[in-house]
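K.L.:
Let the sequences and hints guide you as you build the complete structure.
Take the sequence shown: its position 240, counting from 1, is numbered 240 in full-length UniProt numbering, and each next residue is one higher.
Treat the hints loosely; a few may be bogus.
Claimed, not checked - Mimicking SDA-like on lysine to any residue, the simulated pairs with C-alpha atoms at most 20 Å apart in a straight line are:
id, residue 1, residue 2
1, 216, 246
2, 257, 140
3, 328, 225
4, 312, 52
5, 312, 258
6, 328, 140
7, 239, 196
8, 251, 223
9, 411, 375
10, 251, 312
11, 52, 158
12, 242, 258
13, 242, 203
14, 241, 279
15, 397, 369
16, 216, 231
17, 411, 347
18, 312, 139
19, 242, 223
20, 239, 258
21, 312, 159
22, 239, 263
23, 153, 224
24, 312, 144
25, 242, 215
26, 237, 251
27, 251, 239
To be verified - Listed next, with one range per pair, are the computed distances between beta-carbon atoms:
id, residue 1, residue 2, range
28, 227, 391, 50 to 58 Å
29, 138, 286, 29 to 37 Å
30, 106, 311, 32 to 40 Å
31, 377, 336, 43 to 51 Å
32, 324, 106, 17 to 25 Å
33, 376, 142, 42 to 50 Å
I should point out that these hints are in silico values taken from the structure, not numbers from a laboratory. Glycine included, every Cβ here is placed at the ideal spot set by N, Cα and C.
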Amino acid sequence: MTSEMGLVHCLPLLLLLLSASAVVAAAGGGEKDVSASDYEARFEAWCAEHGKAYATPGERAARLAAFAENAAFVAAHNAGAAANSGAGGSQSYTLALNAFADLTHDEFRAARLGRLAVGPVPLGEPRSSGGFEGGVGAVPDALDWRQSGAVTKVKDQGSCGACWSFSATGAMEGINKITTGSLLSLSEQELIDCDRSYNAGCGGGLMTYAYKFVIKNGGIDTEDDYPFREADGTCNKNKLKKHVVTIDGYKEVPPSKEDLLLQAVAQQPISVGICGSARAFQLYSQGIFDGPCPTSLDHAVLIVGYGSEGGKDYWIVKNSWGERWGMKGYMHMHRNTGSSSASCPEGSTCCCSWRALGFCLSWSCCELDNAVCCSDNRSCCPHDYPICDTARGRCLKGNGNFSSIEGIKRKQAFSKVPSWNGLLELLDQ
Numbered sequence: 001m002t003s004e005m006g007l008v009h010c011l012p013l014l015l016l017l018l019s020a021s022a023v024v025a026a027a028g029g030g031e032k033d034v035s036a037s038d039y040e041a042r043f044e045a046w047c048a049e050h051g052k053a054y055a056t057p058g059e060r061a062a063r064l065a066a067f068a069e070n071a072a073f074v075a076a077h078n079a080g081a082a083a084n085s086g087a088g089g090s091q092s093y094t095l096a097l098n099a100f101a102d103l104t105h106d107e108f109r110a111a112r113l114g115r116l117a118v119g120p121v122p123l124g125e126p127r128s129s130g131g132f133e134g135g136v137g138a139v140p141d142a143l144d145w146r147q148s149g150a151v152t153k154v155k156d157q158g159s160c161g162a163c164w165s166f167s168a169t170g171a172m173e174g175i176n177k178i179t180t181g182s183l184l185s186l187s188e189q190e191l192i193d194c195d196r197s198y199n200a201g202c203g204g205g206l207m208t209y210a211y212k213f214v215i216k217n218g219g220i221d222t223e224d225d226y227p228f229r230e231a232d233g234t235c236n237k238n239k240l241k242k243h244v245v246t247i248d249g250y251k252e253v254p255p256s257k258e259d260l261l262l263q264a265v266a267q268q269p270i271s272v273g274i275c276g277s278a279r280a281f282q283l284y285s286q287g288i289f290d291g292p293c294p295t296s297l298d299h300a301v302l303i304v305g306y307g308s309e310g311g312k313d314y315w316i317v318k319n320s321w322g323e324r325w326g327m328k329g330y331m332h333m334h335r336n337t338g339s340s341s342a343s344c345p346e347g348s349t350c351c352c353s354w355r356a357l358g359f360c361l362s363w364s365c366c367e368l369d370n371a372v373c374c375s376d377n378r379s380c381c382p383h384d385y386p387i388c389d390t391a392r393g394r395c396l397k398g399n400g401n402f403s404s405i406e407g408i409k410r411k412q413a414f415s416k417v418p419s420w421n422g423l424l425e426l427l428d429q
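P.N.:
As structure tokens, this is what we get:
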């Protein structure tokens with residue numbers, strides 16, 4: 001399965017030259033009793049654990065400041081989760097100072113995530129084999145494709161924004177194992193280097209286009225033969241001709257239709273696009289993730305199963321950030337969260353702000369009830385001034401009444417859990 005996820009544009013980290021005195025201020029109030037020397041000692045231990053070294057004192061000061069801020073955030077979240085659990089609430093997820101704890105959240109998003117940028121599918125390109133409509137019948141209460149040997153080891157995309165390629169190969173690896181009995185690690189680098197008609201390598205891409213490329217090319221090579229280099233490269237035309245695994249189509253699972261996604265996952269690991277931009281996502285450690293996040297799809301992962309714990313259902317998600325993130329590279333993500341991926345405050349109107357390939361990939365909120373969403377995807381109008389004049393930024397009364405008011409800017413919507421959408425690929429028999 002894959003999802004409509006997007007061109008991830010990875011930018012260099014912004015190294016802020018902060019002084020060491022800024023460390024305690026960065027911690028802000030999350031751990032008020034922690035001194036600068038305590039943070040320094042913890043940072044030294046963390047650097048030793050993760051093999052981190054910095055080129056200049058200024059860079060080290062910036063990393064220490066980010067670490068202190070993240071330590072305060074982790075402590076505050078985990079204390080709240082423990083208090084909620086102790087008061088009889090549901091067990092929440094916990095955070096940790098993982099390998100990304102020396103990055104600010106903005107730096108992390110720039111390095112590992114990105115904005116969707118989806119264009120129309122050109123005429124003549126291979127298209128999906130239609131929508132996935134289910135009909136699988138009874139599915140098991142819990143399933144983990146790792147136990148069937150249909151999932152390769154956790155990989156690490158590094159600073160290359162090609163999560164789309166890892167998600168796509170993961171689904172093809174799974175269906176190939178299920179169908180042929182052979183588990184082969186497939187080449188993300190071939191997709192990065194050679195799938196350049198509509199994808200942009202480490203600059204981002206879509207799994208749908210990756211599948212179209214594999215179909216059109218007649219197959220894909222193995223990772224051993226065409227290894228990952230964490231950078232864009234020139235397409236190796238000789239290895240492009242090696243068709244170790246082929247697929248002949250894929251099917252789209254409607255966004256946030258979790259009943260259909262469940263049936264799809266019961267057949268194979270599924271490639272999906274999600275919202276991964278929550279700060280808690282960066283520092284996730286374990287538990288069932290149900291944190292809030294913006295609704296834009298900005299990351300691609302692989303769903304390899306599902307289960308339940310403590311009365312809460314979850315998806316088993318394989319990420320491509322190495323084993324130093326999450327539960328050795330995996331996450332449990334809350335499932336059965338309802339069909340709506342976007343949430344706006346009561347008395348406001350939810351508007352689609354980014355639509356591509358027939359799906360709304362991002363939502364925004366108009367702070368008026370029953371408002372009109374304007375076509376510029378940025379503004380809205382009251383229901384009694386229903387005509388959007390986006391050129392002038394005005395809302396018109398209409399019906400011969402030429403009075404107008406200023407258009408209203410929307411605000412970003414949020415979802416209770418990361419939203420997703422995906423596709424199911426079909427192995428060539």
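K.L.:
It remains to establish, for every hint, whether it holds in the given structure.
P.N.:
We went through each hint and held it up to the structure:
| no. | hint | verdict |
| --- | --- | --- |
| 1 | 216 x 246 | holds, 10 Å |
| 2 | 257 x 140 | holds, 18 Å |
| 3 | 328 x 225 | violated, 26 Å |
| 4 | 312 x 52 | violated, 37 Å |
| 5 | 312 x 258 | holds, 14 Å |
| 6 | 328 x 140 | violated, 25 Å |
| 7 | 239 x 196 | holds, 16 Å |
| 8 | 251 x 223 | violated, 25 Å |
| 9 | 411 x 375 | holds, 15 Å |
| 10 | 251 x 312 | violated, 28 Å |
| 11 | 52 x 158 | holds, 15 Å |
| 12 | 242 x 258 | violated, 36 Å |
| 13 | 242 x 203 | violated, 25 Å |
| 14 | 241 x 279 | violated, 42 Å |
| 15 | 397 x 369 | holds, 17 Å |
| 16 | 216 x 231 | violated, 24 Å |
| 17 | 411 x 347 | holds, 14 Å |
| 18 | 312 x 139 | holds, 18 Å |
| 19 | 242 x 223 | holds, 12 Å |
| 20 | 239 x 258 | violated, 38 Å |
| 21 | 312 x 159 | violated, 34 Å |
| 22 | 239 x 263 | violated, 35 Å |
| 23 | 153 x 224 | holds, 13 Å |
| 24 | 312 x 144 | holds, 17 Å |
| 25 | 242 x 215 | holds, 13 Å |
| 26 | 237 x 251 | violated, 29 Å |
| 27 | 251 x 239 | violated, 27 Å |
| 28 | 227 x 391: 50 to 58 Å | holds, 52 Å |
| 29 | 138 x 286: 29 to 37 Å | holds, 30 Å |
| 30 | 106 x 311: 32 to 40 Å | holds, 36 Å |
| 31 | 377 x 336: 43 to 51 Å | violated, 30 Å |
| 32 | 324 x 106: 17 to 25 Å | holds, 21 Å |
| 33 | 376 x 142: 42 to 50 Å | holds, 46 Å |
Figure legend: structure checked against the earlier numbered hints; hints not met, in rising order: 3, 4, 6, 8, 10, 12, 13, 14, 16, 20, 21, 22, 26, 27, 31.
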